[in-house]
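Visitor: Keeping their order, the protein sequence lines are chains A and L.
263 is the number that my numbering gives the last residue of the first sequence; the numbers go up by one with no jumps.
326 is the number that my numbering gives the last residue of the second sequence; the numbers go up by one with no jumps.
Don't read these hints as lab results, they were simulated from the structure.
Think of the CB as a built atom: it goes at the ideal place given N, C-alpha and C, for glycine as much as any other residue.
Some clues are possibly wrong.
As the list claims (entries may be wrong) - Straight-line Cα separation of at most 30 angstroms, DSS-like style, residue types lysine-lysine; simulated pairs:
(1) L/Lys317 to A/Lys21
(2) L/Lys234 to L/Lys223
(3) L/Lys84 to L/Lys5
(4) L/Lys234 to L/Lys194
(5) A/Lys248 to L/Lys83
(6) A/Lys249 to L/Lys194
(7) L/Lys5 to L/Lys317
(8) A/Lys248 to L/Lys194
(9) L/Lys234 to L/Lys5
(10) A/Lys249 to L/Lys5
(11) L/Lys234 to L/Lys83
(12) A/Lys249 to L/Lys125
(13) L/Lys83 to L/Lys5
(14) L/Lys221 to L/Lys303
(15) L/Lys303 to L/Lys317
(16) L/Lys25 to A/Lys21
(17) L/Lys303 to L/Lys234
(18) L/Lys5 to L/Lys223
(19) L/Lys5 to L/Lys221
(20) L/Lys25 to L/Lys303
(21) L/Lys25 to L/Lys221
(22) L/Lys25 to L/Lys125
(23) A/Lys248 to L/Lys84
(24) L/Lys125 to L/Lys84
(25) A/Lys249 to L/Lys84
(26) L/Lys223 to L/Lys317
(27) L/Lys234 to L/Lys84
(28) L/Lys234 to A/Lys248
(29) L/Lys221 to L/Lys234
(30) L/Lys317 to L/Lys234
To be verified - What follows is a list of derived Cβ distance ranges for each label pair:
(31) L/Lys5 to A/Leu166: 41 to 47 angstroms
(32) L/Glu121 to A/Leu201: 48 to 54 angstroms
(33) L/Arg80 to A/Ala176: 45 to 51 angstroms
(34) L/Glu121 to A/Pro139: 38 to 44 angstroms
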Amino acid sequence: MINRLRSVLRVIAGSFTMQAKERATNQFFVGTLLVLPIIFTLLSVGTYLYGGKGNFGLYAVIGAGMMGVWNANLWTSGRIVEGERRGGTLSMLIASPTPFPIILVGKSLSNAFASLISLVVTFATGLIAFRLELDIANPAAFIVSLLLTLISMTCFGLVLGSTFVLTRNAGDFMEAANYPIFILSGLMFPLTILPAWLRPLSSILAPTWGNLALGASAGLVADNPWLIDLYLIGLSLAYLMIAQTLFKKVEYLVRRDGSMEVF
Amino acid sequence: MTAIKIENLGRIFSTTTGTIRRTRKDITALENINLVVEPGELFGLLGPNGAGKTTLTRILSTVLLPSSGRAEVLGMDVVRDTKKLRPRIGMVFGGERGLYWRLSGRDNIQYFADLYLVPPEVSRKRIPELLDLVGLTERADERVEGYSRGMKQKLHIARGLVNDPDVLFLDEPTIGLDPIAARELRAVILEMNKRGKTIFLTSHYMYEVDELCQRVAVVNKGKIALIDTPSAFKTMVADLEVVEIECREVSPEALARLRAHPRVASVTMENHEGAQSLQIQSPGGVESIPEFVRILEGSQVQKVITRQPTLEDAYVKLLGREALNS
Numbered sequence: 001m002i003n004r005l006r007s008v009l010r011v012i013a014g015s016f017t018m019q020a021k022e023r024a025t026n027q028f029f030v031g032t033l034l035v036l037p038i039i040f041t042l043l044s045v046g047t048y049l050y051g052g053k054g055n056f057g058l059y060a061v062i063g064a065g066m067m068g069v070w071n072a073n074l075w076t077s078g079r080i081v082e083g084e085r086r087g088g089t090l091s092m093l094i095a096s097p098t099p100f101p102i103i104l105v106g107k108s109l110s111n112a113f114a115s116l117i118s119l120v121v122t123f124a125t126g127l128i129a130f131r132l133e134l135d136i137a138n139p140a141a142f143i144v145s146l147l148l149t150l151i152s153m154t155c156f157g158l159v160l161g162s163t164f165v166l167t168r169n170a171g172d173f174m175e176a177a178n179y180p181i182f183i184l185s186g187l188m189f190p191l192t193i194l195p196a197w198l199r200p201l202s203s204i205l206a207p208t209w210g211n212l213a214l215g216a217s218a219g220l221v222a223d224n225p226w227l228i229d230l231y232l233i234g235l236s237l238a239y240l241m242i243a244q245t246l247f248k249k250v251e252y253l254v255r256r257d258g259s260m261e262v263f
Numbered sequence: 001m002t003a004i005k006i007e008n009l010g011r012i013f014s015t016t017t018g019t020i021r022r023t024r025k026d027i028t029a030l031e032n033i034n035l036v037v038e039p040g041e042l043f044g045l046l047g048p049n050g051a052g053k054t055t056l057t058r059i060l061s062t063v064l065l066p067s068s069g070r071a072e073v074l075g076m077d078v079v080r081d082t083k084k085l086r087p088r089i090g091m092v093f094g095g096e097r098g099l100y101w102r103l104s105g106r107d108n109i110q111y112f113a114d115l116y117l118v119p120p121e122v123s124r125k126r127i128p129e130l131l132d133l134v135g136l137t138e139r140a141d142e143r144v145e146g147y148s149r150g151m152k153q154k155l156h157i158a159r160g161l162v163n164d165p166d167v168l169f170l171d172e173p174t175i176g177l178d179p180i181a182a183r184e185l186r187a188v189i190l191e192m193n194k195r196g197k198t199i200f201l202t203s204h205y206m207y208e209v210d211e212l213c214q215r216v217a218v219v220n221k222g223k224i225a226l227i228d229t230p231s232a233f234k235t236m237v238a239d240l241e242v243v244e245i246e247c248r249e250v251s252p253e254a255l256a257r258l259r260a261h262p263r264v265a266s267v268t269m270e271n272h273e274g275a276q277s278l279q280i281q282s283p284g285g286v287e288s289i290p291e292f293v294r295i296l297e298g299s300q301v302q303k304v305i306t307r308q309p310t311l312e313d314a315y316v317k318l319l320g321r322e323a324l325n326s
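Here chain A stands alone, though its shape is the one from the complex (with noise of 0.2 angstroms):
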């Protein structure tokens, strides 16, 4: 039992170094984790403070960095699959002895710490480019949100990686569901702005708890931060559950259907 604990946590390791080796080598991944969210938070606080609600800086500060954080980890459940699946190393990957899902928590886990410098760029664009005052009310379940909000969103990352494998346009896909994301997970605007009719599909989304722990922990919203951390917490084992299923209903799909390297 340990050894197998040991085998898998060596597999997420060189899964994540690996990914973090092909990562330093991608350009484009480098001005999307710097650049990106220095767009992000210009254009969020930017809209506060023309609307006149200057107050609301540090929410669309947050709100910013979430999508910069988001941003990255389309790369892990979208792109991921999709290179791996154009290199050619998607079915050496599923063929592998390890399942695939845990792969993926190595290569998504990779690029959500990376993803952590996009909530640096964005805090350091709210102080100098709009002197906001950035005070956290709650420091340790700010981080602690933090840590929580990365798993979980890794975790939603695994839920879409392991249905990508499906489909040969899966960094599209991802693309075309970036701005639905940021909507209905609040990361643009509260999310009592949306209809009530769209707000239980933002309940099961991994951003829209991880903006409100943060939300919650910098004092902007009345909510307990350490509960929605703990929904956070039981949010991240539903996704890896369902993950889980998914996949092996996937592997017999793409091995039924030789769609592994269709392309």
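Given the coordinates of chain A, work out where chain L should sit on it, guided by the hints.
Guide: Chain L in isolation, oriented as in the chain A frame:
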């Protein structure tokens, strides 16, 4: 226990035609395949493009599911027992894909060592050995994108061996390689076989299969046409001699007359920069040369030689010249 056992295996692919009105069409890639490969054997699967070689390799290496029949590798079912089977097999698909180009050769092998759950103390020793086996030690820490095609193919082999598999599937491993790189790779394949690995090799290079394999199966249009040793396979054409004639401007009429000649079993023609090379399989070929040359009158015959039939000649006789040209 056999290394590979295939019983009545079939595989059908579905495809669609049309844009608005889509019509589904089934294509039979493999039909009723029966085959046994013994442990330690270097077995070759020979056939033209589209014959089903890659499909069979992918089924045996658990990447694809069969549509009918069953296959076992090392006594394990390739559909149901994947968890137990995958750590014990290796696969190498031809071509340049299947590697992480932005990583070094060593990183590529290390990553697959992790995926195949090779303990670190084992991989630390094994990876340098494999790099040495395929002759990549000096370039191991360079990015794969700077490797030549032959180096990438060697890296594929090293990657396929990282889990020390009992059975190795090699799908056209020398495709597109220059003669020297292909020869080096064949030496590596022979060395692996000497070390006790069962190797299932697909190729459409006859000389490669002739040089490497203890037994060969010829597959054509999804069916096995023959299973035998290369030397027994060649006895199919033992009564024939091959007359090679180099000439220019061979007319279709002359070619047709040659093919219709009672002492001609088959004729294949290759074009090389305006010149033609005719390969005539003929019983008692030497005595018939004057007649062949007479038929080719006006075709500027430049050179005539005779030689013993090769595996390629047996292949042509078995499948027809279309198979050779495909």
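Visitor: Does each hint fit the structure? Answer for all of them.
Guide: Going through the hints against the structure:
no.: 1; hint: L/Lys317 to A/Lys21; verdict: 53 angstroms, violated
no.: 2; hint: L/Lys234 to L/Lys223; verdict: 20 angstroms, holds
no.: 3; hint: L/Lys84 to L/Lys5; verdict: 17 angstroms, holds
no.: 4; hint: L/Lys234 to L/Lys194; verdict: 24 angstroms, holds
no.: 5; hint: A/Lys248 to L/Lys83; verdict: 12 angstroms, holds
no.: 6; hint: A/Lys249 to L/Lys194; verdict: 40 angstroms, violated
no.: 7; hint: L/Lys5 to L/Lys317; verdict: 28 angstroms, holds
no.: 8; hint: A/Lys248 to L/Lys194; verdict: 38 angstroms, violated
no.: 9; hint: L/Lys234 to L/Lys5; verdict: 25 angstroms, holds
no.: 10; hint: A/Lys249 to L/Lys5; verdict: 27 angstroms, holds
no.: 11; hint: L/Lys234 to L/Lys83; verdict: 40 angstroms, violated
no.: 12; hint: A/Lys249 to L/Lys125; verdict: 37 angstroms, violated
no.: 13; hint: L/Lys83 to L/Lys5; verdict: 18 angstroms, holds
no.: 14; hint: L/Lys221 to L/Lys303; verdict: 36 angstroms, violated
no.: 15; hint: L/Lys303 to L/Lys317; verdict: 24 angstroms, holds
no.: 16; hint: L/Lys25 to A/Lys21; verdict: 43 angstroms, violated
no.: 17; hint: L/Lys303 to L/Lys234; verdict: 26 angstroms, holds
no.: 18; hint: L/Lys5 to L/Lys223; verdict: 16 angstroms, holds
no.: 19; hint: L/Lys5 to L/Lys221; verdict: 21 angstroms, holds
no.: 20; hint: L/Lys25 to L/Lys303; verdict: 49 angstroms, violated
no.: 21; hint: L/Lys25 to L/Lys221; verdict: 17 angstroms, holds
no.: 22; hint: L/Lys25 to L/Lys125; verdict: 50 angstroms, violated
no.: 23; hint: A/Lys248 to L/Lys84; verdict: 16 angstroms, holds
no.: 24; hint: L/Lys125 to L/Lys84; verdict: 24 angstroms, holds
no.: 25; hint: A/Lys249 to L/Lys84; verdict: 19 angstroms, holds
no.: 26; hint: L/Lys223 to L/Lys317; verdict: 17 angstroms, holds
no.: 27; hint: L/Lys234 to L/Lys84; verdict: 39 angstroms, violated
no.: 28; hint: L/Lys234 to A/Lys248; verdict: 47 angstroms, violated
no.: 29; hint: L/Lys221 to L/Lys234; verdict: 21 angstroms, holds
no.: 30; hint: L/Lys317 to L/Lys234; verdict: 10 angstroms, holds
no.: 31; hint: L/Lys5 to A/Leu166: 41 to 47 angstroms; verdict: 31 angstroms, violated
no.: 32; hint: L/Glu121 to A/Leu201: 48 to 54 angstroms; verdict: 49 angstroms, holds
no.: 33; hint: L/Arg80 to A/Ala176: 45 to 51 angstroms; verdict: 38 angstroms, violated
no.: 34; hint: L/Glu121 to A/Pro139: 38 to 44 angstroms; verdict: 42 angstroms, holds
Checked against the numbered hints given earlier, the structure breaks hints 1, 6, 8, 11, 12, 14, 16, 20, 22, 27, 28, 31, 33 and satisfies all the rest.
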